[in-house]
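Given chain A, put chains B, C and D with the ligands in place with the hints provided.
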Amino acid sequence: MTCEAQEKNGATVVSLSGEIDLQTSPDVRRFLLKSLSQGKSLVVDMSAVGYIDSSGIASLVEAYQTARKMGLRFALAQVGPSAMRVFQLARLDRVFTIFPSVDAALQDHA
Amino acid sequence: MTCEAQEKNGATVVSLSGEIDLQTSPDVRRFLLKSLSQGKSLVVDMSAVGYIDSSGIASLVEAYQTARKMGLRFALAQVGPSAMRVFQLARLDRVFTIFPSVDAALQDHA
Amino acid sequence: MTTDPLSSTEPLFALRVPARPDRLRLVRAAVGEAAMLCGVGSSWVGDLVLAVDEACQNVIRHAYCGRADGDMVIEMRREADRLEVRLVDFAPRVDPSLVKPRNLTDLRPGGLGTYFIRILMDDVEFCEPPEGAGNCLRMTKRIE
Amino acid sequence: MTTDPLSSTEPLFALRVPARPDRLRLVRAAVGEAAMLCGVGSSWVGDLVLAVDEACQNVIRHAYCGRADGDMVIEMRREADRLEVRLVDFAPRVDPSLVKPRNLTDLRPGGLGTYFIRILMDDVEFCEPPEGAGNCLRMTKRIE
Ligand SMILES: Nc1ncnc2c1ncn2[C@@H]1O[C@H](COP(=O)(O)OP(=O)(O)O)[C@@H](O)[C@H]1O
Ligand SMILES: Nc1ncnc2c1ncn2[C@@H]1O[C@H](COP(=O)(O)OP(=O)(O)O)[C@@H](O)[C@H]1O
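Chains as they are written, first to last, in the numbering used here: chain A, 12 to 121; chain B, 12 to 121; chain C, 2 to 145; chain D, 2 to 145.
Among the hints, a few may not be true.
Listed next, the stretches of chain A that the computed footprint assigns to chain C, with coverage defined by at least 3 CB atoms under 8 Å from CB atoms of chain C [claimed, not checked]:
id, stretch
1, 26-33
2, 64-77
3, 96-107
Calculated from the model, a selection of chain A residues having no Cβ within reach of chain C, i.e. all distances over 12 Å [as the list claims (entries may be wrong)]:
id, residue
4, Met12
5, Pro37
6, Ser48
7, Gly50
8, Leu83
9, Pro92
10, Asp119
11, His120
If you're looking for bench data, these hints aren't it; they were derived computationally from the structure. All C-beta atoms, glycine included, are put in the ideal place defined by N, C-alpha and C.
Isolated chain A (complex conformation) (with noise of 0.2 Å):
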């Protein structure tokens, strides 16, 4: 698992890579809410995620949470069939505001 962020148009723009677990969803937890520190719109590229669980699931919410205390735009992008299946089971695809690209959610911050 690894998590690597750049500035982008503005925004912060994070992208996961690997499977977010029990053991993993922690680091993710504290990088993204170190990210969101930097005052930007944060956008997640979810693309090389293969895996994640509900403690993924609660690592993004409270990001999200997080994110929307502070006004700032909160965004994943292409997210991957197994992680959207499990964004759909937790009803969290109609939270989340998620993107095919990063690009386009960069547009949409813009």
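Just chains B, C and D with the ligands, lined up with the frame of chain A:
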């Protein structure tokens, strides 16, 4: 594990894909011997083989020996690092003719 | 050796691991490979893997309360048209009535594990654990 | 929970499966994931996985002579700077002097398994099997 054969430049090109182990090597063996019964040179595309064990090696050695008895050429192409490691351990990298690509193998056959 | 080994009732595997988060990848790999032996599709496998992972997480976090010195055993078998998973731990006995999902409409981090298990599996129940064990969660999923 | 759980001696997993070819993928997946927990590189992991797979094949083909009704147990633990694998079967006792590789210069199909095990592992020996078991092959590999 899948095995596929096609004719190319008068040779038979067999593409193996997946993991060749004690479960799947009997199928590989049968497929290679059946392909040789066409009476043409054989090129085995190994690019999609993620794993091979001693039983898989045995299937290749048997096909190689059968080809020689029939006076047919037998070559391997695009052997990935994990299969190459096993060939080296078995000192078969010096026995098998190994080409970087199927095309290179076919040019040599022609 | 039979030609279609997995058409009926037979054990797939039993896996004992320390009940720790870093062992969950290994558990998922074993469950996924075993499910594939039954000729099911990859989304069916993904659903089963998630349910078992969530059940293991609950053993780690709730049954053992984060203590890192207990084991868990995951046992999988094919029973005719179902896959059966038993998850055994050696923690104190759990009150099954306390194991329940939260209300999904209440958006907050956490509380999804038991919900995932219930919707992804066809049957879920605590059963009598083997001698010396603490709890045994039995889950089955119909093979499609 | 400790921060570096795998710096010293600890059990990784114990996996019991029917001794059949179709269970080898599952065994390899478990061995590979467990080895990764020790921070080794992927070629080290690949070598270990091959050695364990070959040992399991020999249990299936030789110890059980192709009978499909016996189990095998693969146990992995970290012992300081080594990974230790024990492979236990419930077959009749094997004469260790008969378990040996063929001459490699003699090109023929077969006879490579024990050779792979010996060159890929640092130590290989039959040890006293647990009560009720048939054979126990103990293999260790130094962690690099
Ligand atoms: N194996 C278990 N042992 C004890 N309590 C459990 C177990 N599994 C679940 N629970 C209880 O059920 C509740 C709901 O679990 P779950 O839906 O997985 O969400 P979460 O674990 O995030 O709270 C837990 O908070 C816990 O109180
Ligand atoms: N677990 C075992 N039980 C009994 N005999 C074994 C076992 N492992 C290996 N042997 C013996 O050692 C020989 C060499 O084994 P191996 O190098 O794996 O090659 P192969 O299995 O292809 O013969 C086998 O033919 C068999 O006689």
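Query - Violations among the numbered hints - result: Hints 4, 5 and 9 are the ones this structure does not satisfy, whereas the remaining hints hold.
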